[in-house]
Amino acid sequence: ETGVTQSPTHLIKTRGQQVTLRCSSQSGHNTVSWYQQALGQGPQFIFQYYREEENGRGNFPPRFSGLQFPNYSSELNVNALELDDSALYLCASSLGGSGEKLFFGSGTQLSVL
Amino acid sequence: QQPVQSPQAVILREGEDAVINCSSSKALYSVHWYRQKHGEAPVFLMILLKGGEQKGHDKISASFNEKKQQSSLYLTASQLSYSGTYFCGTKGGGATNKLIFGTGTLLAVQP
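Sequences listed follow chains P and E, in order. As numbered in the working numbering, residues 25 to 137 make up the first sequence, in order. As numbered in the working numbering, residues 20 to 130 make up the second sequence, in order.
Derived by calculation from the structure, the hints in this document are not laboratory data. No incorrect hints appear here.
Label pairs and their in silico Cβ distance ranges:
hint, chain 1, residue 1, chain 2, residue 2, range
1, E, Leu-99, P, Leu-91, 34 to 44 angstroms
2, E, Asn-84, P, Leu-137, 44 to 54 angstroms
3, E, Gly-111, P, Thr-38, 33 to 43 angstroms
4, P, Leu-107, E, Ala-28, 26 to 36 angstroms
5, E, Gln-129, P, Arg-81, 40 to 50 angstroms
In silico lysine to any residue, SDA-like type, Cα no more than 25 angstroms apart, as pairs:
hint, chain 1, residue 1, chain 2, residue 2
6, E, Lys-45, P, Asn-83
7, E, Lys-45, E, Leu-125
8, E, Lys-78, E, Gln-98
9, E, Lys-56, P, Gln-133
10, E, Lys-45, E, Lys-110
11, E, Lys-56, P, Gln-68
One side only, chain P facing chain E, incomplete, derived with CB under 8 angstroms:
hint, residue
12, Ser-57
13, Gln-72
14, Asn-79
15, Gly-80
16, Ser-130
Every residue gets a Cβ at the ideal spot worked out from N, C-alpha and C, and that includes glycine.
Just chain P, same shape as in the assembly:
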């Protein structure tokens, strides 16, 4: 148990819809990173939030956006869903924003039909 919780655990959407995924970070952690993991692949970095500001982004289009709240929980929003967005979305919290040990949640499995 890492203390990082994500909701929902599973989600089915249709192409073109919008989705919001949620993450509660481990107590005391001020940094949240989001990763996308396609089946059989390693996680891919989407972006990171440190003290409510996005301070790093991977190679994902602007329709992937996020928020971090004062309690350091976070949301990942994806607009105009595409079939290729089907994946496991992992949230990871950490004590700091650079090169830290990551504590992953169990993820949200998103299926886009």
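With chain P's structure known, arrange chain E on it following the hints.
Leaving out everything else, chain E in the frame of chain P:
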């Protein structure tokens, strides 16, 4: 620029040893190792920083050669609980936790 891991998969008997390699084409600041069991979250194993240090945790250790941009994970006297997919995550400079994860190595330990 995704690190390449080898082997892709390995099957062991309990008590046997294994080595998993991670190779990057880019200069590295640190290498992070995680294990992910099927349907579960990746779990942190260790971080290796520049300097060629070798770290260990129980019977799992790792080395990092920054000149060769390579890291190796050593599993000694494997246990059933070691089964899972192992990922190396590489980090260049920059003030983020952005890791570029490798292709993964599936390890199956059999009784």
